Structure formats: structure tokens, C-alpha cells
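Protein chains: 2
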Amino acid sequence: MTDTPLIHPVILCGGSGTRLWPLSRQSYPKQFTPLIGDETLFQASVRRLSGVGFAAPVVLTGEPFRFIVLEQLAAAQTQPQGVLIEPEGRNTAPAVLAAALWLASRDANALMLVAPSDHVIPDAAAFRTAILAAAPRAAAGDLVTFGIHPTRAETGYGWLELAEGADASATTPQALARFVEKPDEANAEAMLAAGSYLWNAGIFLLSARAVIAAFEMHAREMIAPVRAAVDGAQDDLGFTRLNAAAWADVPDNSIDYAIMEHADNLAVMPFGDGWSDLGDWNAVWAECGPDADGNVLSDNATALGCAGTLLRSEDGAQELVGIGLEDMIAVAMPDAVIVARRNDSQRVKEAVTALKARGVKQATEFPVDHRPWGWFESLVVGERFQVKRIVVKPGAALSLQSHHHRSEHWIVVQGTAKVTVDDEIKLIGENESVYIPLGAVHRMENPGKLEMVLIEVQTGSYLGEDDIIRYEDVYART
Amino acid sequence: MTDTPLIHPVILCGGSGTRLWPLSRQSYPKQFTPLIGDETLFQASVRRLSGVGFAAPVVLTGEPFRFIVLEQLAAAQTQPQGVLIEPEGRNTAPAVLAAALWLASRDANALMLVAPSDHVIPDAAAFRTAILAAAPRAAAGDLVTFGIHPTRAETGYGWLELAEGADASATTPQALARFVEKPDEANAEAMLAAGSYLWNAGIFLLSARAVIAAFEMHAREMIAPVRAAVDGAQDDLGFTRLNAAAWADVPDNSIDYAIMEHADNLAVMPFGDGWSDLGDWNAVWAECGPDADGNVLSDNATALGCAGTLLRSEDGAQELVGIGLEDMIAVAMPDAVIVARRNDSQRVKEAVTALKARGVKQATEFPVDHRPWGWFESLVVGERFQVKRIVVKPGAALSLQSHHHRSEHWIVVQGTAKVTVDDEIKLIGENESVYIPLGAVHRMENPGKLEMVLIEVQTGSYLGEDDIIRYEDVYART
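For the record, the sequence lines run as chains A and B. Residues 1 to 478 (UniProt numbering) are what the first sequence spells out, left to right. Residues 1 to 478 (UniProt numbering) are what the second sequence spells out, left to right.
Read the hints as simulated data drawn from the structure, not as lab findings. Quantities reported herein were computed from a predicted structural model and do not represent experimental measurements. A virtual CB, placed ideally from N, CA and C, is assigned to each residue, including glycine. Errors might be hidden in some of the hints.
Here are some chain B residues pointing at chain A (derived, C-beta under 10 Å) [to be verified]:
hint	residue
1	Asn-300
2	Gly-305
3	Val-352
4	Arg-384
5	Gln-386
With beta-carbon atoms standing in for the labels, derived distance ranges [to be verified]:
hint	chain 1	residue 1	chain 2	residue 2	range
6	A	His-405	B	Leu-450	21 to 27 Å
7	B	Glu-71	A	Pro-437	34 to 40 Å
8	B	Asp-299	A	Gly-464	19 to 25 Å
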């Protein structure tokens with residue numbers, strides 16, 4: 001084992017699934033939520049790839065999620081090796097290449113374990129064992145993909161065909177014949193029956209060197225712009241911001257299409273069936289361990305005469321009751337509720353598209369808005385007023401700003417706020433308030449060691465988030 | 001028609017149905033909600049019994065609902081003849097007797113049209129015609145009950161058996177053989193097939209004199225305490241508050257059991273089938289006029305591949321999506337959601353009982369709390385703080401009060417507040433605030449002509465509604 005190069009987890013964290021709406025929305029996708037258990041899927045993905053043999057993680061994410069990534073890593077007491085910000089989503093191929101180029105410059109022998117951030121693998125130790133077992137093969141230059149033992153004729157995944165003589169139940173990397181695109185039902189049934197096919201989970205163990213070589217051979221056009229984006233990257237508050245101008249020239253492609261379907265130095269590492277991509281609510285139901293009646297119930301959920309049903313209430317202040325439901329899912333949030341036949345879970349995406357077309361904000365926006373300094377939520381919106389709860393992290397500060405169309409009343413209900421209003425700076429304690437007149441230049445900071453919670457009452461003729469002039473911002477948003 | 005005595009609508013408005021939970025809760029039952037159309041069921045009941053031949057309504061209700069009744073009558077521009085407050089619910093018999101005694105002292109020939117406040121009768125004109133047609137018979141001393149043409153073998157209602165030779169489709173009162181208690185399925189089927197049975201809708205046309213005579217004959221024990229409660233009633237802010245001490249001795253009974261099942265001066269007025277007691281969500285679905293797919297959708301509700309399904313979102317800020325649902329109901333509120341098979345609608349009551357047993361406040365409490373001066377709702381409850389939206393009616397005032405455990409910040413966001421804090425009285429306009437220290441004696445009034453809306457931020461160690469000392473109250477709650 002001592003000869004194996006260090007394995008660098010490369011966590012792909014840019015995507016935004018809508019199939020688990022309303023819990024997963026564009027503004028706060030499912031990897032950042034505690035869908036199963038107490039930690040978020042992203043945190044579980046990071047924890048799973050830590051320990052002996054593993055380097056600190058490299059995270060690839062998008063601009064809107066960078067502070068959520070940092071916050072969740074901090075909460076999991078993980079110091080990342082790097083957080084690479086993709087200026088725009090370009091699918092997995094450029095992300096993997098960027099990570100390879102970035103890592104190669106730090107560790108010439110780096111192995112990369114590329115994994116999505118929104119999958120579930122309950123047996124983390126077994127997964128690490130499989131990774132370590134595959135490491136020599138990857139170090140030798142092969143492109144190792146992880147193949148999951150299939151349990152159903154799934155048409156939603158790509159499949160992997162093992163080479164003649166390879167053993168699907170082996171615990172070492174096997175020869176791979178080819179990548180199979182998402183099949184139709186008949187082909188899926190045939191592959192399930194054949195026993196020589198595995199699911200493609202989108203998890204790879206690759207040496208940075210082999211990745212770069214594969215791109216040079218099969219997707220040469222991607223090299224120059226991605227290299228320019230990495231070489232031109234800027235360090236920004238601890239993030240590595242890939243160069244946007246260079247990135248704009250990067251073609252959009254998946255790692256499967258760009259590389260894997262063309263390469264001949266492929267291997268597959270078979271892995272047990274304790275894996276799920278939580279692709280829809282049906283999968284969440286299955287992963288949560290249904291009870292004797294086949295039900296999965298969250299806190300605040302009550303089932304009468306239900307079977308095979310998922311009832312999730314996502315808010316402690318909301319009760320959810322199901323009566324006589326069979327093979328259904330119901331997920332309730334204060335601003336959005338979905339009820340569906342479990343077998344129609346895939347159509348959730350369609351519903352979100354319909355809501356989006358109608359301009360419904362819940363289609364894409366999560367009720368809680370995460371910012372670098374903490375988060376806020378709107379408690380009520382009236383005709384000429386709005387009330388928000390604002391939570392500011394210890395040591396954090398909002399930008400120095402002013403508004404053209406609203407005044408604000410701030411009442412501190414927990415902790416201490418340092419408040420700037422025009423030329424005056426003062427400390428506001430719990431149960432104290434301050435008034436920010438229209439046009440005043442103001443800032444809110446939390447100088448303390450505990451979270452500061454503040455109720456903001458806005459009044460004015462226009463209350464949009466875009467009525468803001470920023471003068472200074474520690475998060476470089478001016 | 002000129003010889004017919006005036007018909008006094010007697011609206012029974014004390015009940016609290018839980019079968020339409022979460023829209024109908026103990027603290028705000030279904031008759032006060034706009035379940036169908038824009039007016040509430042109570043308002044529709046009052047409007048239905050107005051016009052030529054009808055006196056102003058007499059409403060019987062309970063202590064918690066008295067201001068809601070007044071408010072909804074005012075909104076419907078109806079001046080009641082009286083609002084009688086039952087100190088405790090004692091079922092329909094004492095309520096009808098109290099109304100009869102109260103009316104007899106004002107109009108010796110009074111006819112009473114006794115009706116629940118939570119039924120739907122789409123063709124109000126036809127109903128009034130039927131009432132007027134039955135009036136001579138009631139004036140002559142018979143007890144006239146309204147019989148609905150049955151459309152199904154309903155086991156949830158009592159039935160009425162017509163006398164030999166009576167005509168179920170007549171438009172004049174017919175002879176009634178007997179009241180039939182809620183039947184089993186076989187008996188319900190037999191009655192439906194026989195054609196000589198009608199549903200008992202709990203609607204009666206009776207002379208006050210005949211009611212008193214019937215009680216004297218069949219339920220004599222009720223007379224003395226109910227008379228004492230009526231004679232000892234107190235006028236209180238326009239309400240007639242029945243004497244509580246006397247009322248405590250009144251036995252609990254329904255008008256059917258106490259009188260109708262024993263009387264021999266009965267008649268039945270057949271009525272068309274455009275009637276519903278909205279007894280469960282299935283009935284609401286049916287009354288709302290399902291579309292071509294059998295669906296009933298509220299605003300903010302989206303159906304994909306649904307049939308025979310009711311999707312109701314009760315809040316403009318909450319989206320409800322149904323996918324692949326067949327014969328289901330889903331009703332969403334920000335604090336409670338129910339999803340049920342339409343045929344299991346009757347079990348909603350059971351669910352509410354289960355929630356109650358767990359001490360869940362949503363089982364009984366509506367999120368909006370109606371008070372004599374307006375209403376309030378809690379927007380967020382934290383560990384040591386709570387934020388409320390408070391809406392005060394023009395000219396209304398909260399009690400002069402103080403709290404032991406909390407301070408309050410008030411921010412006016414609409415209208416003008418007249419605020420008393422200890423010895424100081426001042427006017428607070430939109431976008432102004434005032435602080436109420438712990439222990440300060442304070443009051444909030446709306447001196448204006450428009451609704452006043454105020455955001456209250458409470459901080460303190462205990463934030464219960466019962467931390468209140470009332471010094472003065474225009475609504476007699478001190």
C-alpha cells in the first residue's frame with residue numbers, strides 16, 4: 001500500500017437536480033440537503049473519501065454554491081485542498097480535465113477519485129477498500145470506472161459491458177469491453193439477465209497523467225481552453241476561480257462521451273449494490289428503509305392505512321397526514337407540496353418545468369437564501385412591507401450598502417450586531433433595535449462568537465433584492 | 001302569503017367540524033371559511049334566508065366565535081336580530097328551545113326556520129320558495145322538517161320515512177311516518193330503492209309556540225333550565241349571553257332525539273337534490289364541479305396525469321403539485337397538509353384525533369387567530385423570540401395590558417396606531433416603531449378608517465399568550 005500514490009477526491013458539486021423538487025431546487029440542489037440522515041449528501045461524499053490513503057478533497061462547483069460548499073465543509077470539519085469554481089456548467093469532461101491539470105501541477109503522480117456529490121453509498125469502508133484495491137491499476141495508467149451490481153433493468157443509467165472472461169463479482173479491477181448508453185427496456189432486461197453488465201455510476205479512479213493523455217488522444221480540442229482556464233485561475237477568498245474568458249471557449253461534454261467511450265485502457269472495478277444516485281423520490285423512499293407496511297415517515301408525518309408510501313414533512317412547523325395511500329410519495333414544505341404516485345416520480349421534473357413556465361418562483365428558488373455571511377428567509381410579504389429573518393455567522397459582515405426604495409427596522413433577537421448607519425457605528429444587543437432610513441449607507445456585522453439573529457422589517461414601494469447599491473463587500477460582490 | 005307570519009332564520013353556528021381538517025379546525029370551523037366561492041358558508045346561509053317574508057337572522061353560537069359571527073355579518077352587510085351565545089355546547093335541542101323562547105317573547109306568532117350554518121344549497125331561491133310553501137303548515141302548528149331527495153345509499157345521515165300515500169316529489173308538505181336513525185348499508189340501499197324515504201337535513205320550519213309545546217310534551221326537563229338561561233341572559237356588547245349557571249343544568253340532546261322522534265304532528269317538505277352538508281372532502285370535491293378529468297384545482301395547484309382528484313392550496317404563497325393521482329384529495333396549508341384517498345375522506349376525523357392525542361397544536365388551532373379587534377398570526381417562533389403580524393380593524397383597540405416575561409417592538413407597516421406606553425400616548429405612522437419594555441402597561445389602537453397592520457417582535461424567556469395582565473378591555477375580557 002505504501003507504494004500507492006495519494007488518492008485525491010475530486011467531488012463534482014455543480015449540478016442542480018430538479019427531480020427531488022421541492023426539496024431540491026436550482027438555488028439549493030439536493031447535494032446540500034440532509035436527504036438521508038443528519039449530514040448532507042455532499043458532506044457524506046466528502047467523509048466517505050477521507051482517511052488513510054486519501055488527500056484532502058478537491059471540490060468543483062458553480063459560483064452560486066461556493067459559500068454553501070465552504071460552510072458545509074467547515075461544519076464537517078474538513079479543510080479542502082481546493083474549491084475550483086466553474087464560471088459556467090460545461091458537464092463533467094471539462095471539470096475532470098481541469099481537476100487533473102490543477103492536481104498534476106501539485107502532485108505529478110496524483111490519483112483522482114472522481115465522484116458526484118449527490119450519491120448514497122451506505123458502506124463507506126467497503127467503498128474505500130474497493131478504491132484502494134483499484135489504485136495500482138489506475139497508477140499504472142488505466143482508466144478505472146466503478147461498476148455497480150445491477151438490481152433491476154434500469155433504463156435511466158448507462159451500463160458497462162465486461163470483457164470476455166471478466167468476473168462481475170471480482171474484488172479487483174476487471175477488463176471492460178465498452179460503455180453502453182442508457183438502454184431501452186428490452187436491452188436493459190437482456191443486460192440484467194446476462195450477468196456480465198454493471199451500472200455506470202459515474203465514479204472513476206484515474207491518474208491525473210492518464211486523464212491528460214486521454215484528452216490529448218480523444219478530445220484534444222478541450223485541452224487548450226481548459227488549460228488556459230486553470231493557468232489563468234485567480235485565488236479569491238480561498239476559492240480557485242477558473243478563468244471565465246478561457247472557460248467560455250470550453251466545449252460542453254460528458255466524460256463518458258469525450259473519453260470513456262473511445263479509450264482502450266479501460267478497467268472496471270465491480271462494487272456491491274449498496275449504492276443509489278437518489279435519482280427520484282422513489283429512490284429516496286427505497287434508501288430510507290421502509291417499515292413493515294412499506295412506509296417511510298418523517299417527523300410530523302402521520303399515516304393512517306397507508307402502504308408503500310413516503311411521507312416527508314421538511315419543516316418542524318408543518319404537519320403532514322396521509323390516509324389510505326398506496327405506493328405514493330408526499331413531500332411537504334411551507335411554500336411547496338408535491339404528491340405523486342411513486343411510479344410517476346420521474347415526472348417531477350416535468351412538473352418543475354411547468355411551474356417554471358408559469359414563472360412560479362418556487363420552481364427554482366429555495367425559501368432559505370444562503371449567502372457568504374449566513375442566510376435569510378422572507379417571513380411575510382405585504383403590499384408595501386416585508387419581514388425577514390436574517391442569521392449572520394460569527395465574524396461575518398454584510399456589504400456596506402444603501403437602498404433607493406425602502407427603509408429598514410432591525411431588531412436583534414439573538415447575539416450582538418455591530419451596525420453602521422452613515423457615519424455612526426454602534427453595538428446593538430438582544431432586544432435592541434435600529435432604524436435605517438431610506439438612502440442611508442449601512443452595514444450589519446456579527447462581531448461575536450455566536451450566531452446573530454435579526455428581524456428586519458422593510459417598508460417601501462419596491463422591496464426587490466436588486467434595490468441595493470454595494471459600496472464595500474468582504475466577499476468581493478461589489 | 002300576507003297571512004303567513006314572519007319567518008325568523010335561526011342559524012345554528014356553534015359546531016366545530018374536524019372532517020374538513022386542516023381547513024376546518026376547532027378554533028375556526030368550516031362555516032366561517034369560503035369553502036365554495038367567495039362568501040363563507042355562514043354568510044351564504046344567512047343570505048339564503050333573507051328577503052321577502054324573512055326577518056333578520058337569529059344566530060346561536062359559542063363564546064369563541066362571537067366576534068367572527070359579528071365580523072362576517074358586518075362584511076355581508078347584515079344586521080342580526082340577535083346573536084345568542086351558548087355558554088357551552090349542548091347539541092341542537094337546547095339551542096332550538098332557547099331560540100323559540102327568546103323569539104316567542106318578541107313575536108308570539110314567530111315561525112323559525114332552523115338551519116345549520118355549514119350546508120350548501122346552490123339554488124337559494126328554490127329553497128326560499130319551499131320554505132314559504134311550508135309556512136302555512138308550520139303556522140298551523142305542525143313540525144315541518146325538510147327532506148332531501150336521496151341520490152345515494154348514504155349511511156352518514158338520518159333518513160325520513162314518508163307516510164303511506166305521501167308524495168316524495170310533491171312541492172307541499174307531506175305526512176311523515178317517522179325519523180330513521182343513521183342506517184347500515186343494507187337498510188340505506190333498501191330505503192334508496194323504496195322511493196318513499198328522504199334524507200334528514202336537519203332543517204326545520206317550526207312555530208315558536210309549537211316548539212315550546214313539543215318540549216313540554218316530550219322533553220319537559222329541558223324547559224326550566226333553558227327558560228332560566230334565556231330569562232337570565234345578559235346583553236353584552238350586542239350579544240345575548242345566555243345565563244351560564246342555568247345553562248350548566250341543561251341536558252345535552254339533539255332536536256331529533258328530544259322531540260322529532262316522539263312527536264305526532266310532523267310533516268316533511270320534500271326538497272330537490274341541490275343540497276350538501278359538505279360533510280367531508282369528498283363532498284367538497286363533488287360540490288366544486290369537477291372538470292372533464294374529474295379534477296378540482298385551486299389557484300396554485302398543478303395536476304399532471306390526475307383524475308377524480310381535489311387539489312387545494314389554501315395559501316397564495318404555497319404551490320401544490322399532484323402527479324398521477326386518481327380519486328385523491330390533497331389540501332395544503334403552510335402549517336398542515338392532508339393527502340387522502342377520496343373514499344377515505346371520512347377518516348380525516350380519526351387523523352385529527354390522533355394528532356390531538358399527540359398534543360399537536362394544528363389539530364385544533366388555526367394559524368390565524370381571530371380576536372374582537374382583528375386578527376394576528378405568528379410568523380416565526382425562535383428560542384427566545386417570536387414575530388407576529390397583527391391586523392387591527394378601524395376604530396378597534398386591544399386591551400390595556402402588560403407582560404411579565406417579554407418586551408415588544410412594534411413596527412407599523414400600514415395605517416396609523418395610537419399607542420399607550422405607561423403614561424405616554426402617541427400616534428405611530430407607517431414605517432415608525434415603538435418599544436414596549438417588559439412590565440410596561442400598554443395598549444394599541446387603530447384610530448383610523450383603514451386597517452392598521454403592525455409587525456410585533458417579542459423577546460423574552462416566555463412568550464405564551466397567557467403572559468398577559470389585562471387592565472381594561474372594551475370587549476369585556478378583563
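Outcome of the hint check:
1. Interface restraint check: Asn-300(B) against chain A, minimum CB-CB distance 8 Å, threshold 10 Å, status holds.
2. Look at Gly-305(B): its Cβ gets to within about 7 Å of chain A, closer than 10 Å, so that hint holds up.
3. About 8 Å separates the beta-carbon of Val-352(B) from the nearest beta-carbon of chain A, less than 10 Å, and the hint is met.
4. With 10 Å as the threshold, the beta carbon of Arg-384(B) comes within range of chain A, its nearest partner Cβ sitting at about 7 Å, so the hint holds.
5. For Gln-386(B), the interface hint holds, the least distance from its beta-carbon to any beta-carbon of chain A being 9 Å, beneath 10 Å.
6. Evaluation of the 21 to 27 Å hint for His-405(A) and Leu-450(B) yields a pass: the beta carbon distance comes to about 22 Å.
7. Taking 34 to 40 Å as the suggested C-beta distance range, the pair Glu-71(B) and Pro-437(A) conforms, at roughly 37 Å.
8. For the pair Asp-299(B) and Gly-464(A), the supplied restraint of 19 to 25 Å holds, since their beta-carbon distance comes to about 23 Å.
Hint violations for this structure: none, all hints satisfied.
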